[in-house]
Amino acid sequence: MVDATTIVRATLLGLQLGMTLALVAAGLTLIFGMLDVINFAHGALYMLGAYFGVVAASELGSFWAALVVAPLLVAIVGGAIEILSLRPLYGRNPLYHILLTFGFAIMIEGIVVEVWGGQSYRIPVPEALSGTLSYGSLSYPVYWMFVLVVSTILIGGIWLAIAKSDLGILIRASAHDTEMVDALGVDVSKVFTGVVVFGAALAGVAGVLLGASRSVNPGMGFGVIIQAFVIVVIGGLGSFKGAVYGALLIGLMTAYGALIAPSLTDLFIFALMAVVLIAKPSGLFGATEAA
Amino acid sequence: MRELISRFAGTDGTAGNQILTTGGRYALAVIVVLLALLGPVVAILEPFWLFILVQILVFALLALSLDFVFGYAGLLSFGHAAMFGAGGYAAALLIAEVTPNALVVLPLAMLTGVVVAAVIGWFAVRARGIYFAMLTLAFAQMFYVIAFADVPAMITGAETVTGGDNGIYGVQLFELFGVVDFTDRINYYFMALALVALSLVALVRLANSPFGRALQGIRENEERMAFIGYDVRRYKVVGFAISGGFAGLAGGLYVPFQSLAHPQLLHWTVSGELVVMLLLGGMGTLWGPMLGAAAVIVLEEMLAGVAAWEVILGGVFVVVVIFAPRGLAGIVVSLKEDPRNALSNAKQALLTYVKKVRGER
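Residue numbers (the working numbering), protein chains in the order written: chain A, 8 to 298; chain B, 430 to 790.
Check each hint, because a few of them may be wrong.
[Stated by the list, open to error] Here are the simulated DSSO-like cross-link-like pairs (lysine-lysine), alpha carbons at most 27 Å apart as the crow flies:
1. A:LYS248 with A:LYS171
2. A:LYS248 with A:LYS197
3. B:LYS765 with B:LYS776
4. A:LYS287 with A:LYS248
5. B:LYS765 with A:LYS197
6. B:LYS785 with A:LYS197
[As the list claims (entries may be wrong)] Which chain A residues face chain B? A few, computed with CB under 10 Å, are given here:
7. PHE47
8. LEU102
9. LEU177
Keep in mind the hints are simulated off the structure, nothing from the lab.
A quick note: this is a predicted structure, and the numbers were derived from the prediction, not measured.
For every residue, glycine included, the Cβ atom is placed at its ideal position computed from N, Cα and C.
Let the sequences and hints guide you as you build the complete structure.
The structure is reproduced here in structure tokens:
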């Protein structure tokens, strides 16, 4: 039987996974909420974050530098994609944005294989964060705790910023009624670019954070994008709150599922998504009829 | 969502309703005859390319089936791999356990596709647009996990059913009452060609039938169709099931040819690749997506030696989405209609693109 220590450990693991997934899902849902774009390339940006992290960590010799530099580089890539390809297509059928970003996902994966080859890498965990925390019979790696704390702070900060700050209000207003905000004299296209850049950076942060506790390989982008889709769909496309709750739900389900039936975890997750969508087609926190 | 579907429907000219003109039908007949002649020639000169040709035919059929729901009914299916794989697994199991007779296996593979699609469709039509796409994706991934973890074996207590991550290998080739031997690849090619041609004829007729018109009506304006008395949901489920049948048939053709049924058939990347073929070819034309399938497979084959072929494929795709939203079919049509201004049109498109990137409107 599963004892209490195992459950606590699984819960911590689930929360940590959930919060890092929330970083990816938050970008996805913000971009959708603003631009109506389902960004298929988001997983690829997450992967780029991890690879840039590998390079930055070895070149600069510091995990901390990598944690700053890699997301910045990913943000630049995200911005370039928005300006060069998404922007010219606004006003056209949103379907084309899905297809376009899908093309970028294929391309980025190809580039990664071309540059770094098919093998796995790992970002070295810094000295200060290696080791294990223990409390009674419970032991938990310090690094995983660090990831949990950093992601929680980031997500909490973004939540506050969206709810309280002027910029958050502007973002929400632009998502709600783009033309009105435009008419009020705000350059909405800059807000759009900003949201994509920010979402890409978040994916990059998640890539570096997980790149040090899991392996960095060419398949990781497509793996995470499906999970992120499930999360934002369960939470309701375009809803930040939904993305966070959805991510925690999936993180915990994955962790508990690994205790019960590891090979079927994905089945449970997709079944959950199907049940949620059948019961509430727009997701848990989605608008009634999503655009 | 309604807006998405209506825009998708071609009010902005991005997708057409060109089912085939008389000229188009003749052209297709000529192409089929040419392909039939090409088979034996290739078999003698370059046997490997016969393999590619069969692969093209299978994916053309799959793209055709997707275009029927995606391009005509406006149902954004991201889960066509489920029906493809289900048909494939059905064929593998039937051949191993029952009979390798093509007349038994292929119809049952098709039926499997219909049943799987009907189940997925019944659930998925509750949602619309992107949510529909995500539901089909979720269901397809469930089938993937079921095959990968060999859930049927877990339930029945059998040692193995789907073969787990190894798949079912060593699948025998078809036969036809002991008369026709499909181990001869050229016979297999002819069978595939005939089936794809028949499927195309069937789907063109269906798209032109009152049923097909109703599907297009639903794509254009779902509320109006419901208001004038159509059972919209039922039409969608039936349309999806029909499409699934052809996807299942494609799977049934593919697996014995590869002699392998693998969970990878059910993976969502197959659905993704199909969508690439569809858009590259041009949605809503039935023949465009087949062209797209051929283009992708030939491109993959030609670039296989180049390490960066994924980059090139992705790049071509991105450029097509930006500059030729109607795909290869659209390029063909506009070249036919207005051959003289092709260059200046291209230049204009480029200028518009640069203007939009700079944020001018």
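To see whether the hints hold, each was checked on the structure:
The suggested pairing of A:LYS248 with A:LYS171 holds, with an alpha-carbon distance near 14 Å, which does not exceed 27 Å. For the given pair, A:LYS248 sits about 24 Å from A:LYS197 by alpha-carbon distance, which is consistent with the 27 Å threshold. For the hint pairing B:LYS765 with B:LYS776, the CA-to-CA distance comes to about 18 Å; that is within 27 Å, so the pair holds. Taking the CA atoms of A:LYS287 and A:LYS248, the gap is near 16 Å; set against the 27 Å cutoff, the hint holds.
Restraint check for B:LYS765 and A:LYS197: the C-alpha separation of about 40 Å exceeds 27 Å, so the hint is violated. Restraint check for B:LYS785 and A:LYS197: the C-alpha separation of about 13 Å stays at or below 27 Å, so the hint holds. Using the Cβ-Cβ criterion of 10 Å, the hint placing A:PHE47 at the interface with chain B is satisfied: the shortest such distance is roughly 8 Å. Because the closest C-beta pair between A:LEU102 and chain B is about 5 Å apart, less than 10 Å, the hint holds.
For A:LEU177, the interface hint is violated, the least distance from its beta-carbon to any beta-carbon of chain B being 18 Å, above 10 Å.
Hint check: violations occur at hints 5, 9; the rest are consistent with the structure.
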